[in-house]
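Model the placement of chain F on the given structure of chain A, informed by the hints.
In order, the protein sequence lines correspond to chains A and F. The opening residue of the first sequence carries number 3 in my numbering; numbering runs sequentially from there. The opening residue of the second sequence carries number 3 in my numbering; numbering runs sequentially from there.
Don't read these hints as lab results, they were simulated from the structure. Predicted, not measured: the structure shown is a model, and the values here were computed from it. No incorrect hints appear here.
In silico EDC-like pairs for lysine to aspartate or glutamate, Cα to Cα no more than 20 Å straight-line:
no. : chain 1 : residue 1 : chain 2 : residue 2
1   : A       : Lys249    : F       : Asp507
2   : A       : Lys20     : F       : Asp211
3   : F       : Lys272    : A       : Glu19
4   : F       : Lys237    : A       : Asp499
5   : F       : Lys87     : A       : Asp575
There are 2 protein chains.
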Amino acid sequence: MRYKLVGNRVVKVDAREKALGSALYIDDIVLPGMLYGKILRSPYAHARIVHIDISKALKAPGVKAVVTAKDLPGKGGGLVGPFIKDEPIFAVDKVRYVGEPVAAVAATDLAAADAAASLIHVEYEELPALFDPVEAMREGAPLIHDNVKGYFAVFDARRGGNVCSHTTFFEGDVERGFQESHVIVEETLRTPMQYQAYIEPIGAIAQFDGAGRVTVWSNTQGIFVTQDRICESLKIPMSKIRVIAPKIGGGFGGKIETTVQPHCVALAQKTGGRPVKIVLPREEDISNTRPRHPAIMSWKMGLKKDGTILASQMSAIFDSGAYADDGPGVVAVGAITARGPYRIRNIRMDSYCVYTNKVKTGAMRGFGNTQTTYSRECMLDIAARAVGMDPLELRMKNAIEPGDKSVGGQTLHSVGFKESLTAASEGLGWNRPKETKYRGRGMAGINHISGLLTVGSVVRLNEDGTFTIQCGAMDIGQGSDTVLVQIVAEEMGVPMDDVRLASGDTDATPYTWATTANRITYTGGNSVLLAARDVKRQMRDLAAQMLDTENLETKDKKIFAKGNPDKALTYHDLGKVSVWVKGGPLIGKSNFMVEEPTLDPRCAIGHPFGTPFSAWIFGTQAAEVEVDPDTGEVRVLKLVAAHDVGQAINVDGVEGQIEGGVVQGLGYGLCEAVLFDKGRITNPNLTDYKIPPAADVPEITPIIIETHDQTGPFGAKGIGEAALMGAAPAVANAIFDAIGVRVTELPMTAEKVLKAIQEKRAREAKAS
Amino acid sequence: MRYKLVGNRVVKVDAREKALGSALYIDDIVLPGMLYGKILRSPYAHARIVHIDISKALKAPGVKAVVTAKDLPGKGGGLVGPFIKDEPIFAVDKVRYVGEPVAAVAATDLAAADAAASLIHVEYEELPALFDPVEAMREGAPLIHDNVKGYFAVFDARRGGNVCSHTTFFEGDVERGFQESHVIVEETLRTPMQYQAYIEPIGAIAQFDGAGRVTVWSNTQGIFVTQDRICESLKIPMSKIRVIAPKIGGGFGGKIETTVQPHCVALAQKTGGRPVKIVLPREEDISNTRPRHPAIMSWKMGLKKDGTILASQMSAIFDSGAYADDGPGVVAVGAITARGPYRIRNIRMDSYCVYTNKVKTGAMRGFGNTQTTYSRECMLDIAARAVGMDPLELRMKNAIEPGDKSVGGQTLHSVGFKESLTAASEGLGWNRPKETKYRGRGMAGINHISGLLTVGSVVRLNEDGTFTIQCGAMDIGQGSDTVLVQIVAEEMGVPMDDVRLASGDTDATPYTWATTANRITYTGGNSVLLAARDVKRQMRDLAAQMLDTENLETKDKKIFAKGNPDKALTYHDLGKVSVWVKGGPLIGKSNFMVEEPTLDPRCAIGHPFGTPFSAWIFGTQAAEVEVDPDTGEVRVLKLVAAHDVGQAINVDGVEGQIEGGVVQGLGYGLCEAVLFDKGRITNPNLTDYKIPPAADVPEITPIIIETHDQTGPFGAKGIGEAALMGAAPAVANAIFDAIGVRVTELPMTAEKVLKAIQEKRAREAKAS
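Chain A on its own, in the form it takes in the complex (with noise of 0.2 Å):
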């Protein structure tokens, strides 16, 4: 073991108070005068609003504030998003989607909010809707939005009409590859909108003091980012706005951006100092959450006879809903992932964001590659099956090596696609003899990011000798804060007791963006550890001056000359003497942004970031499924998840992160969508709406795949997202090779892989 806590299996540190019951969620607060917030949501889809008459709800029982757009400054307040400033905290003039906030009431309780939010009376115009994005690109398509503008000004790059985004990623010269291909492939596949189906849905709770200040308490994946939405939303400088986070019950991208915070502090500002809580019900959840975005991609792929995949290209068009959020971010991440883990010279990957009117989508675990993960892997087992080749060996012939280069000409290191590939087959037996006829193997090649923009860290010494971290990186159940701490305590040679983590709080930590693309443990632990080595200088140097000698020793929190452990200073000591004595306590610092060379702009159109990614993540799933070729159902017997995480920090946590997300792979690709009906969702619970229970999973083995990633804190880079991408390919690949049918849309349910079957044996009967 190279380290004493790093790659360990530890508790997390937040386990006991979870399992006590005695972690705070957003719902357990309760502050004294508490009102509680109902918002009231377009019934339809597109509507011109005429008029909206909050009279009678302002005058019914409990009721002590009412806000519509017209109570935000400028009438509407500021426009919001990350990328394309487009969406009304409250909807102005007009709705684009069912369920879009039109005014909110916050009275002394619930029922007496509800049936206040009812007698608010909207008039509406009903205007044409459009549903389906091929549809809403159609040239003369009623327009959704007017006049957006995005902040990024490579997004401000609108194709016009309802595209709010289009990427292109491309290298090399895809026509003149498919000319010397082979075997030409081609297929198009969908993919539904997923619910992130967290267990605690979104809420928050907005207080103003008496100084004009308001603290926000909400459970977000970004304290900063709701802090920065506010006040972008409310033109309340962010000087005047705290975050605060309680625990938090899962996010996977639908806690980002703000849902219902600014709506909480607007009522909250009417209410002259009385606090207002929103948590959504579930319904009201789903619809505002920002699910994943449906997508529909048609890919071509080129390959010489021996399996050498000479060009790959996709056209994919993503459905953003109404409002643009995420989705410019979405559709770029699933353009510059779509060559996956593989040597190919040749690419051209378009992506396309178009609204429609439904509920927005946004980012969600994968953000992108989700879905070009999926589409992708399954034209490799057609590709495979095309040129004959066994799955396994195509991957393993094309796959990318350490020394590649990313799209976008990032030279990678830390590469450990093959030994995933190698591990995953052989933890499923790929070669096994099936054990009866409707058996079969599948498997998905993944390459994600991890790591983004940056993490501000602060840690000190305390004058007891302990340490204090403070940074802003949320911890959303995924465990984070027990990797935080394990990596100053390893840095710092100290048990992870005697390590702090204050966090979850604008007043007290310094600047990060959201928990996302797999960067907490990577851009969070790189900044923490900086900070560490940044005080242990100091605590070294404060030793050296006062020991008198730069020949200096480190164990068991104590700093003593060389060969002589009687000449000490206990960490104790430091912190004392640092305090009392000497200029001030011992601060280290950091700010971990990693600058990574630009992107050759030639390789791509409205790219999304002025750097690209920190680390590339790699892995492989496969799964063994029996369908039944009566039914349809299918059932998955296994799946093995082989994945390169550069060096595990926390064992337990990183095979926590593969098997949930195994777990949520697979109802991406068996169960979970997301349906309406003209813009209206009709699966909005979690009854309808069906995540795989408990009986469903099948035995799940992670692998954990170690390639000491060289710029990553021990060696270590993300896991979060890929976890999730590969059982859908996997398992759709499965059951081709059970019963040779391909379901080219998510999810596959038995009524779909039975149609398949039945038209294969119908196409079968023809021939014969």
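Using the frame of chain A, we list chain F on its own:
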């Protein structure tokens, strides 16, 4: 006006919430499931604890926890004390004063806690008690402590017996000075125990989370001091202790060290996660807040005929009560400041801190100097009359000037003492004919320290171009939050609304020591100013890089190319760009700790700090009184207080400090004293302990003298403590001027004044 904000009158940043009543103080905080704690206290001044029986209390209705010393780690917990670790949280084996905590109970309501506490049976064996420090110093006196140990070696040099510390400052040759003097005056003066009498009693709430971490809410003058003392006493690592301070209703030194906080934590630890609140009833507050040390000061002063003071000697005995607490510091500061703002070459200032069986005394506004200033300024008056000089002239003749040295050898640059003498005497009309017979005028010169130890700060640029300060310096009502915001806003050229101050939370801020020693404007102000300059430099560097020029100007929240305001970046641009593109958010950081020359070891025995004080502050207070010769009643007609503060930051704040200080000083001089009967306080409430009522407050004229201290933020120094020191001696000297009697023991009640008048009349009658 040199500055936009500094030197103005600005509204305090918390004025609105305080005026509206929305500011939360400790007793406003109610947590779900909260229990109420009651401390059982010793009824004896000195007794052995034979046995404690808690069995009945444990069975009492509503009781959830009972704690005694035996429940603490090592059967007593760690001993605490800022200088000498001599005090247990709960009495171990014996009690040393009436009111010492012996046990504590937490119950579902306060009445249940009170009832249960009375069911704890403690068997005592009374021991001989010492109430007089002079008696306690006698050989053979019973020992109050057997064996205690100081953290700082210099304070470990106990003199044995009941003397817990002894400090001497000497310069020159005091014996030779007396030999060369034409006139020698001697007198012994006495001061009482003064209670801080803040409006809000001390309180705390403690709650453990499931992970064994405790959060403590408390109205403390030092969140990090509280954190450290809980760590020391209960052996909980600081990494598991978070301290949060709500708004605070005054402190005056009584809220620096811990009082109820460890007791609250000890109870909370036994409740399995329920919060426990203790807010002290007034009578317990008085016995626990550590009032001002009573002192007996014997002076000898030698002068030439022309009024030049050649030698000054003081021997002072300070009554520490049962524990050392801040005593060693108090007596040291009393000695180091006893020379006063005068050029005296030969001095010897001795001060003893002596244990007695009374409530422990400690830090109170003035910290030892209040006592010695009173007695020294009386001596100057006596001396002036002895050499036949006007007291103003005598002071002016000996007054220190810029370039002179402090005791200890620090060269002083910012010295406005002479200006203050002039301003105060002119303001009062020193030489104006007296309007009635029994009127008199007196004055007092003041010198005190300003600034001590360290304050760490962070100033970060928010995404929207506003700023957040993180600084742990506590505003206890004196207005320092406003000053810190003003300083940063001034430096950054933004309105105060653009600056947020995050404070009062050990999780949120870098380390700082407590609100003491007139240090927040000076030390804290320097700290935030340095951090602001740090972020300003980073903003300029980023702007230079982006605008491609070093030739920059800053105005109206923009940095632009000199002479070309269109080539500009707003603070908002810089906030966004730093976070999203350029290496991370801009965060300025500082630890301010002035490194002054170490005291010459030859001039001090048992000196308190490796470095003395950063800045010295000066002032003069002059009073006019009218004495009723038949009742001895003293009416203060007018008090002029001229104070050298270097630079006023918030003029309203400085004037408020002066006015409040004068009133507290008048209380010290005329009516305040904690009274005892065999160690039991006989006036433990604000009815019987009399602070000056509004009707007795005279016309107060604050005069601000600005000398621009080159080491202070914008030239500022402190004011808080100095404001209190002059009133008592000025009034004492005015009484003598009015009626020719000197009461040598504070407070100068009508009874004492009348007695002195009667004695004088008797003497005169005898002589005639």
